[in-house]
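Here are the chains, one letter per residue:
Number of protein chains: 2
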Amino acid sequence: MLNIIIADSELEMVPKELWSFPDAVSYSKRRSKKLSEVLLDSNYMHRAIDSVFPGESTRRGRPDIIHTLLLACQESILNKAGQLLVFIHTRENKVITVNPQTRIPRSFNRFQGLIEDLYMKRTIQNNDQVLLEIIDSNLKEFISRNGLKNVRIFSPEDRISSVSEAVGDSTDTTLIIGGFSEGKYRTDMEGLGNKYSIYPEELTIWTVAMEAICTYERLHKVIS
Amino acid sequence: MLNIIIADSELEMVPKELWSFPDAVSYSKRRSKKLSEVLLDSNYMHRAIDSVFPGESTRRGRPDIIHTLLLACQESILNKAGQLLVFIHTRENKVITVNPQTRIPRSFNRFQGLIEDLYMKRTIQNNDQVLLEIIDSNLKEFISRNGLKNVRIFSPEDRISSVSEAVGDSTDTTLIIGGFSEGKYRTDMEGLGNKYSIYPEELTIWTVAMEAICTYERLHKVIS
Numbered sequence: 001m002l003n004i005i006i007a008d009s010e011l012e013m014v015p016k017e018l019w020s021f022p023d024a025v026s027y028s029k030r031r032s033k034k035l036s037e038v039l040l041d042s043n044y045m046h047r048a049i050d051s052v053f054p055g056e057s058t059r060r061g062r063p064d065i066i067h068t069l070l071l072a073c074q075e076s077i078l079n080k081a082g083q084l085l086v087f088i089h090t091r092e093n094k095v096i097t098v099n100p101q102t103r104i105p106r107s108f109n110r111f112q113g114l115i116e117d118l119y120m121k122r123t124i125q126n127n128d129q130v131l132l133e134i135i136d137s138n139l140k141e142f143i144s145r146n147g148l149k150n151v152r153i154f155s156p157e158d159r160i161s162s163v164s165e166a167v168g169d170s171t172d173t174t175l176i177i178g179g180f181s182e183g184k185y186r187t188d189m190e191g192l193g194n195k196y197s198i199y200p201e202e203l204t205i206w207t208v209a210m211e212a213i214c215t216y217e218r219l220h221k222v223i224s
Numbered sequence: 001m002l003n004i005i006i007a008d009s010e011l012e013m014v015p016k017e018l019w020s021f022p023d024a025v026s027y028s029k030r031r032s033k034k035l036s037e038v039l040l041d042s043n044y045m046h047r048a049i050d051s052v053f054p055g056e057s058t059r060r061g062r063p064d065i066i067h068t069l070l071l072a073c074q075e076s077i078l079n080k081a082g083q084l085l086v087f088i089h090t091r092e093n094k095v096i097t098v099n100p101q102t103r104i105p106r107s108f109n110r111f112q113g114l115i116e117d118l119y120m121k122r123t124i125q126n127n128d129q130v131l132l133e134i135i136d137s138n139l140k141e142f143i144s145r146n147g148l149k150n151v152r153i154f155s156p157e158d159r160i161s162s163v164s165e166a167v168g169d170s171t172d173t174t175l176i177i178g179g180f181s182e183g184k185y186r187t188d189m190e191g192l193g194n195k196y197s198i199y200p201e202e203l204t205i206w207t208v209a210m211e212a213i214c215t216y217e218r219l220h221k222v223i224s
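Chains as they are written, first to last, in this note's numbering: chain A, 1 to 224; chain P, 1 to 224.
Identical copies go unnamed one by one, so any copy, or any two together, can satisfy a pair.
Keeping only pairs whose Cα atoms sit at most 25 Å apart, straight-line, the calculated SDA-like set for lysine to any residue is: (1) K33 - P22; (2) K33 - Y44; (3) K195 - N138; (4) K80 - P200; (5) K29 - G113; (6) K221 - G168; (7) K80 - P156; (8) K33 - E92.
It should be emphasised that the hints constitute simulated quantities derived from the structure, not laboratory data.
Computed from a predicted structure; not experimentally measured.
The following block holds chain A by itself, in its conformation from the complex (with noise of 0.2 Å):
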């Protein structure tokens, strides 16, 4: 089993702070939603996230790359063969849990309202399936008590490695990849596992996620 697990995403909820704002109450009047029911997304709300949190339009509220990742990862070959799971940790220690089952929507309205509804709800539920859910932990928490092992962190910073080096050769693995599209990790990774850099440009979050999935799925017979 692959374990991913999206570390620092920047995906939640519209602060309260935010409430006041005019892009802010535009957008969810447009989306005919209470503000608490709205996700922050920095491409409607750049001027609120500037306006109380200085400099970070550019990195909070980026569901879209969430989005994306998932539709790399729940589509691939390898989660169709029943060997990954993905676990998206928030900046606000949350942690989503998706069902291998789940199929993610295509568009990325219905996502944003899927996510929002699980943010309410705490489960997304099919009948007795659950597809998705969020509970309250911090990184280090979480790895401990559901026993994920050989974890392996994907860092920009460190020296580069070659995507098998960083993947390494057990089935058993767990690879932290950093959920936001520019700057370092908030949570502190100090004693969680060996860190690797597989490029030495930037890549988005799918890219490495795809990489990694790739060079598992060759490694361990899935695909030839």
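Given chain A, put chain P in place with the hints provided.
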């Protein structure tokens, strides 16, 4: 160089026959655009599509899957290494050439706007650089006019082969992947190249592209 052609993509502007339908009208109003300037999107116009083109509302109007595909391809390590070219051929026999330098907007709404601009202006430029260009051409003409070699076609109904067999071992390869979410190629592929199926179940177009790119990268030592 790996050439990827997304064939028979379900990318088109809203056809005139749909302009009087309420869901099309309200969608274009919400986006403050004329219907002649709006991409067909089955997420918002499925009633109109089903009324005019019965049974086609799950196939036609899927800019969302082209968005995800382009995010996967353009952000790949193979593209950053200058060894990938992506072409989007559409159901109306138009072909979009994507400059390897083109940064695809992460937000779907911005991507839509970009493609709508492209349909209006025929090219999207940044200073002297053509980022996107759209021309009228069918698939066969396009392939022969551009001298694309070693054409291989991903086709889900054919005999299952490995991804390595499908990609082949030439550095100069052209892969055709269907740009639709269900059904068959509309273009007659006879004589264009051999056909390969890499998995017994349906795969999304970005999963196929991602597997092909990762196999090519590893075979030609772009990554290890």
